[in-house]
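Protein chains: 2
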Amino acid sequence: MPTSHHTVHVPLGDRAYDILIGKRLLDEAGVILAERFARARIGIVTDENVARAQLPRLLASLRQSGFQPVEIVLSPGESTKSYAHLERTIEALLEARLERGDLVVALGGGVIGDLAGFAASVTRRGMKLVQIPTSLLAQVDSSVGGKTAINSPHGKNLIGAFHQPSLVLADQSTLDTLDERQFAAGYAEVVKYGLIDDEKFYFWLEEHREEIFAGGAARAEAIARSCAAKARFVVADETETGDRALLNLGHTFAHALEKLTGYSDRLLHGEAVSIGMVLAHRFSARLGHAPSQDTGRIENHLRQAGLPTRLTDVPGDIGDTDALLEAIGQDKKVRRGALTFILTRGIGRAFIEHDVDRDTVWQFLERMRTR
Amino acid sequence: MPTSHHTVHVPLGDRAYDILIGKRLLDEAGVILAERFARARIGIVTDENVARAQLPRLLASLRQSGFQPVEIVLSPGESTKSYAHLERTIEALLEARLERGDLVVALGGGVIGDLAGFAASVTRRGMKLVQIPTSLLAQVDSSVGGKTAINSPHGKNLIGAFHQPSLVLADQSTLDTLDERQFAAGYAEVVKYGLIDDEKFYFWLEEHREEIFAGGAARAEAIARSCAAKARFVVADETETGDRALLNLGHTFAHALEKLTGYSDRLLHGEAVSIGMVLAHRFSARLGHAPSQDTGRIENHLRQAGLPTRLTDVPGDIGDTDALLEAIGQDKKVRRGALTFILTRGIGRAFIEHDVDRDTVWQFLERMRTR
Numbered sequence: 032m033p034t035s036h037h038t039v040h041v042p043l044g045d046r047a048y049d050i051l052i053g054k055r056l057l058d059e060a061g062v063i064l065a066e067r068f069a070r071a072r073i074g075i076v077t078d079e080n081v082a083r084a085q086l087p088r089l090l091a092s093l094r095q096s097g098f099q100p101v102e103i104v105l106s107p108g109e110s111t112k113s114y115a116h117l118e119r120t121i122e123a124l125l126e127a128r129l130e131r132g133d134l135v136v137a138l139g140g141g142v143i144g145d146l147a148g149f150a151a152s153v154t155r156r157g158m159k160l161v162q163i164p165t166s167l168l169a170q171v172d173s174s175v176g177g178k179t180a181i182n183s184p185h186g187k188n189l190i191g192a193f194h195q196p197s198l199v200l201a202d203q204s205t206l207d208t209l210d211e212r213q214f215a216a217g218y219a220e221v222v223k224y225g226l227i228d229d230e231k232f233y234f235w236l237e238e239h240r241e242e243i244f245a246g247g248a249a250r251a252e253a254i255a256r257s258c259a260a261k262a263r264f265v266v267a268d269e270t271e272t273g274d275r276a277l278l279n280l281g282h283t284f285a286h287a288l289e290k291l292t293g294y295s296d297r298l299l300h301g302e303a304v305s306i307g308m309v310l311a312h313r314f315s316a317r318l319g320h321a322p323s324q325d326t327g328r329i330e331n332h333l334r335q336a337g338l339p340t341r342l343t344d345v346p347g348d349i350g351d352t353d354a355l356l357e358a359i360g361q362d363k364k365v366r367r368g369a370l371t372f373i374l375t376r377g378i379g380r381a382f383i384e385h386d387v388d389r390d391t392v393w394q395f396l397e398r399m400r401t402r
Numbered sequence: 032m033p034t035s036h037h038t039v040h041v042p043l044g045d046r047a048y049d050i051l052i053g054k055r056l057l058d059e060a061g062v063i064l065a066e067r068f069a070r071a072r073i074g075i076v077t078d079e080n081v082a083r084a085q086l087p088r089l090l091a092s093l094r095q096s097g098f099q100p101v102e103i104v105l106s107p108g109e110s111t112k113s114y115a116h117l118e119r120t121i122e123a124l125l126e127a128r129l130e131r132g133d134l135v136v137a138l139g140g141g142v143i144g145d146l147a148g149f150a151a152s153v154t155r156r157g158m159k160l161v162q163i164p165t166s167l168l169a170q171v172d173s174s175v176g177g178k179t180a181i182n183s184p185h186g187k188n189l190i191g192a193f194h195q196p197s198l199v200l201a202d203q204s205t206l207d208t209l210d211e212r213q214f215a216a217g218y219a220e221v222v223k224y225g226l227i228d229d230e231k232f233y234f235w236l237e238e239h240r241e242e243i244f245a246g247g248a249a250r251a252e253a254i255a256r257s258c259a260a261k262a263r264f265v266v267a268d269e270t271e272t273g274d275r276a277l278l279n280l281g282h283t284f285a286h287a288l289e290k291l292t293g294y295s296d297r298l299l300h301g302e303a304v305s306i307g308m309v310l311a312h313r314f315s316a317r318l319g320h321a322p323s324q325d326t327g328r329i330e331n332h333l334r335q336a337g338l339p340t341r342l343t344d345v346p347g348d349i350g351d352t353d354a355l356l357e358a359i360g361q362d363k364k365v366r367r368g369a370l371t372f373i374l375t376r377g378i379g380r381a382f383i384e385h386d387v388d389r390d391t392v393w394q395f396l397e398r399m400r401t402r
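Residue numbers (the numbering used here), protein chains in the order written: chain V, 32 to 402; chain Y, 32 to 402.
For reference, chain V alone in the conformation it holds in the complex (with noise of 0.2 Å):
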């Protein structure tokens, strides 16, 4: 059966990949994997809902290219980014006895991802990392560029480790299984990348919007666009000293908010994007580095999406300015209690500030939660 795909090439020297983004990639799996990693074992990492929907057609097909998967199924959600999943984790794959060159699988959204990834990238100290993304932000963002992590009572993403992958499968067939308010929380990511460095990208999903959740030829795009766009910044800076910090436009925020609702269904990680990406919109506007009717405007695109946009709009408490303040200051981008922040000219046009005054954060911030 002819097969059909787009390919986004991350050129990383010895660790260069490609990400295949299609319609038919999870049925494709074991063609692609035998002729890639001929001789590989596979430990396949999943969790039980991406398991009912995913793994049988998975199977399937590795099967059929005469692969014998080990199967290792969690618990979904983001409290599997523990301690105590990862040792799991990596003690299935040595009593598989899987080996350095052998893969791991990591089939789901961004939880299974970073865990699995992580735990690929300290087993033997590395195995192989193959991630096949099922939900929209795993395949438009987290699939890709190699940040593996879990999570610590500190904080989100505080373990981890930088671990490229050898292969991303993206099956866009896996997101017509995803809810509206799953599908939306990624969106929040694709539009990141417009606000970036990218308006005519930005300008292009305004008008694309509806047809995007519909499904159909500009979501693939979107997606592709979305993979070169991470890709572009992960080349340029693969562990994070300089400008691959951009890609956090929104985060600093974010990374509080979830911290502050429990990291739950509360407040997705993408829809804390959402609201931190207009919060930094707007702050940059009070600081007088972007026209305010930016803010507006992308306000407005990111509520048509289903998606929130204040911090008003976070269902239940948050506590008070203090303590968002304090869960702002245990991201891994401070330095020396002084505050980074990814700021922004206007759509396109972000920049990296440090050394952000902590008070100027405050002020905003209680003004922030009342508006």
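Worth flagging that the hints you see were computed from the coordinates, not collected in a lab.
In this text the structure is predicted, and so the values were computed from the model without any measurement.
C-beta: ideal position from N, C-alpha, C; glycine also.
It is possible that part of the hints are untrue.
Stated by the list, open to error - In silico contact screen, one side only, chain V against chain Y (beta carbon under 7 Å); selected entries:
| # | residue |
| --- | --- |
| 1 | TYR114 |
| 2 | ILE121 |
| 3 | LEU125 |
| 4 | ARG156 |
| 5 | SER183 |
| 6 | HIS185 |
| 7 | ILE190 |
| 8 | GLY191 |
| 9 | ILE349 |
| 10 | ASP351 |
Add chain Y to chain V, keeping to what the hints say.
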């Protein structure tokens, strides 16, 4: 006060670092770290025994230079290389709000270096690491080269990362509190460097063994030459895809013996390596690769250093030959069921042999068990 030390530079591009070898480095640590890492904060990871013997000197020196280090003191012994201690160390570093550019200082032997190094590598996806090795084994081997790890119930060092230190301070004076058995165990790794590819160094060791054990100039020279040898292999092959594996001479046998003796004081790592090196030479002679008189010469040298050299030297029961082969089969160097060994053509002429036949190994071990 004038200082004096050997410096071995490890030229690993943007991960290059120095190994300083001297007699007062613990007391000079504050000045040295202040020069190289001006505004960094410091978390010291050590164990209770080393804390008692060495921590006061290090703390005094750091405080004199204006540092206010956080101390993380763990229980001594191989069982500290566990998931639980890793978690405890990471959480203590996060609790202290140490950031990416801050320093994890590993003060101790191989266990502390491996654990603290692994914690540094995954906390915030990578903190800076300074190794201050206090055992001979750690000074000549584990503190150099970036291998970090904890143990799994499935075997030793099966979970870890490659994370190069930013600096190594090897203070010989810490070896004076070491008991003779620990020192001898470290000496086995010194001998290893000669056996791999430097017969001149090996013969020099035979001549200077007593002086090295007594302390003095030959000891410093032995440490410096060992570090230089280790560095050479690491630079040639940082992540052990090729010749770095030669450093595992004797280690496939050694890891199996350590596993079967429960990673306990029954058999120290260096003692297992001593037995493993003699077995590797004897096995090589058996296969016709090496002259058999080399085996006797090496065995004699190691025995004079107070080291065990035979399976029958291991105190207590180590199970039958099948158990030994099974334990060898779980080593990281296993590929697809065939066994990889470091073999030799004689002193200073080690080589990597893939696909060693399991039956041949079994026959050899069966014979060695009663020898």
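| task | Please verify that hint: V/ILE190, Cβ, nearest Cβ of chain Y, below 7 Å or not. | result | With a closest approach of 5 Å, the V/ILE190 hint holds.
| said: Next item in the hint list is V/ILE121. Is there a CB on chain Y closer than 7 Å to its CB? | reply: holds, 6 Å
| Hint check: is the beta carbon of V/GLY191 less than 7 Å from a beta carbon of chain Y? | holds, 5 Å
| Interface hint outcome for V/ARG156 [beta carbon to chain Y under 7 Å] | Status holds, d = 5 Å.
| query | Taking the least C-beta to C-beta distance, is V/TYR114 closer than 7 Å to chain Y? | reply | Check passed: Cβ of V/TYR114 comes within 5 Å of chain Y, closer than 7 Å.
| Cut-off 7 Å, beta-carbon criterion: hint that V/SER183 touches chain Y | Holds: closest Cβ of chain Y sits about 6 Å from V/SER183, inside 7 Å.
| Interface hint outcome for V/ASP351 [beta carbon to chain Y under 7 Å] | Check failed: Cβ of V/ASP351 comes no nearer than 21 Å to chain Y, outside 7 Å.
| request: Against chain Y, run the beta carbon of V/HIS185 and see if the smallest gap drops under 7 Å. | output: Nearest chain Y Cβ about 4 Å off; hint holds.
| query | Holds or violated: is there a CB of chain Y closer than 7 Å to the CB of V/LEU125? | reply | Where the cut-off is 7 Å and the nearest Cβ of chain Y is about 4 Å from V/LEU125, the hint holds.
| field | chain Y contact restraint for V/ILE349 - C-beta distance below 7 Å | value | violated, 22 Å
Consistency with the previously given hints fails for numbers 9, 10, ordered from lowest to highest.
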